[in-house]
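Based on the sequences and whatever the hints tell you, model everything.
Numbers given in the working numbering equal positions in the sequence shown, counted from 1, plus 187.
Since the hints were derived computationally from the structure, they do not count as laboratory data.
Incorrect hints may appear among the rest.
[Stated by the list, open to error] Distance condition first, Cα-Cα at most 30 angstroms in a straight line; then the derived DSS-like pairs of lysine-lysine:
1. K275 - K209
2. K344 - K275
3. K209 - K283
4. K283 - K344
All of these numbers come straight from a predicted model, not from anything done at the bench.
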Amino acid sequence: GALVPLLAYALTQSMGWRGALKALGLLMIVVALPGALIVREPPRLAAPGAADPAPSVAAILRRPTFYLLAAGSMASIGAVGGTMQNLKLYLSLDRKLPQGEIAGVLSLILVGSIGGRLLMGWLADRWFKKHVMLLVYTIVAATIPAMVFAPSLPLIKIGALLFGIGLGGDYMVIPLMAAELFGLRMLGRVMGIVLTADGVAEAVVPMAVATVRDRTGSYAGGFLLLVALAAAGAVAVACLPRRAGEAALAAPTR
Numbered sequence: 188g189a190l191v192p193l194l195a196y197a198l199t200q201s202m203g204w205r206g207a208l209k210a211l212g213l214l215m216i217v218v219a220l221p222g223a224l225i226v227r228e229p230p231r232l233a234a235p236g237a238a239d240p241a242p243s244v245a246a247i248l249r250r251p252t253f254y255l256l257a258a259g260s261m262a263s264i265g266a267v268g269g270t271m272q273n274l275k276l277y278l279s280l281d282r283k284l285p286q287g288e289i290a291g292v293l294s295l296i297l298v299g300s301i302g303g304r305l306l307m308g309w310l311a312d313r314w315f316k317k318h319v320m321l322l323v324y325t326i327v328a329a330t331i332p333a334m335v336f337a338p339s340l341p342l343i344k345i346g347a348l349l350f351g352i353g354l355g356g357d358y359m360v361i362p363l364m365a366a367e368l369f370g371l372r373m374l375g376r377v378m379g380i381v382l383t384a385d386g387v388a389e390a391v392v393p394m395a396v397a398t399v400r401d402r403t404g405s406y407a408g409g410f411l412l413l414v415a416l417a418a419a420g421a422v423a424v425a426c427l428p429r430r431a432g433e434a435a436l437a438a439p440t441r
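Take a look at the structure:
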């Protein structure tokens with residue numbers, strides 16, 4: 188991932204944007220298809236007869252905890268997606284950076300995301316996962332303005348690297364928190380709903396930022412909107428319980 192922006196820039200320079208897209212699409216097939224064909228899922232183990240039944244989706248949807256997790260996830264993923272999808276145009280149109288420098292900034296974000304996944308995974312084994320999630324969301328909220336409004340290219344690059352740490356941790360910590368709150372047997376169904384909501388945010392928020400740019404002639408207002416959205420996600424996460432037992436206490440009884 189960290190190499191793709193640099194590779195895309197080089198391919199565009201030599202083959203044009205149409206040729207670059209074709210080459211990258213072919214590369215995706217060559218790299219991903221063999222793994223998809225070779226990897227096999229392990230056989231399912233027989234469930235013990237005395238195991239408690241998993242709660243229904245309806246029971247999960249009655250918990251306020253679910254909506255806090257979904258809202259926090261939507262807000263942070265929307266902020267990350269809005270930043271990533273508009274950053275290249277911002278650096279080009281508003282900051283007047285050359286395409287080669289922009290590719291370097293995007294590559295630094297993805298380098299940071301590798302470190303973010305490793306760091307947040309390490310922390311999640313030692314801290315409450317809620318605290319790791321809150322740290323990730325705070326990093327996202329703090330580094331968007333640090334990167335976007337930095338006065339010089341070196342500071343933009345430092346901000347991009349730090350933002351990448353938040354980006355990498357963001358996508359990794361959501362399923363960890365969902366498993367902590369709702370259990371592994373419900374993880375697939377919970378994440379199916381949460382990721383669908385995230386997809387809506389990731390589609391709508393970048394368009395909102397672009398609309399602000401079209402109407403005002405500047406990306407500044409749009410990126411400030413993203414900061415507010417990331418902060419709102421952090422607030423939602425701060426209201427989550429730390430573990431499943433606390434979530435059960437917060438669930439409505441019938």
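I'd like to know which numbered hints this structure contradicts. Please list them from smallest to largest. Structure breaks no hint.
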